[in-house]
Amino acid sequence: MLENTVLAFIGSGTMAEAMIKGILNKGLTEPDHIIASGPRPERGRELEKRYGVKGTTDNKEAAQAADIVVLSIKPQVLPVVLDELRGLIRPHQLVFSIVAGARIETIARGLQHRAIVRVMPNTPAQIGEGMSVWELSYRAQKVGRQYFRSLETFIIAAAF
-2 MLENTVLAFI GSGTMAEAMI KGILNKGLTE PDHIIASGPR PERGRELEKR YGVKGTTDNK
58 EAAQAADIVV LSIKPQVLPV VLDELRGLIR PHQLVFSIVA GARIETIARG LQHRAIVRVM
118 PNTPAQIGEG MSVWELSYRA QKVGRQYFRS LETFIIAAAF
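According to the working numbering, the sequence shown is numbered sequentially starting from -2.
Worth flagging that the hints you see were computed from the coordinates, not collected in a lab.
Don't take every hint at face value.
As the list claims (entries may be wrong) - No more than 27 Å apart at the CA atoms, straight line, and that leaves these computed lysine-lysine pairs for DSSO-like:
no., residue 1, residue 2
1, K57, K71
2, K23, K51
3, K51, K71
Note that the structure is predicted; figures quoted are calculated from it, not measured.
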């Protein structure tokens, strides 16, 4: 479904791992099309070994290599990551955010990018019984047209 789409997870913690696992289990893409970026090199190596994805500590490199950038970081880290990635996201890229409490407008302004999808999974989704609420910016609706066939499946997988 996302065969030639590169996904970059900015934040490689528990939530990112759950999404990576769901995406791979559903066969949405191959492991070599997933990049997991986080501050700890050992965590990147762990995800590489477990899932075959590429681990890195370079958020910029990860974001620039991706078609879809997933912000899977803690809310308190968001300002630093937005500063780091500001101006690097290209017009054709989509940005997904699972950052609790982060508004689309905050992310769009911080990144200087308007194609944002905000996803809010809930806890029962971890056992396949929950749901995710998602909201697309106007620009995401335009940019994401090429992904819409797999967008819903991606979001469901991303919710665990």
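request  = Output the numbers, in ascending order, of every earlier hint that fails for this structure.
outcome  = Every hint satisfied by this model.
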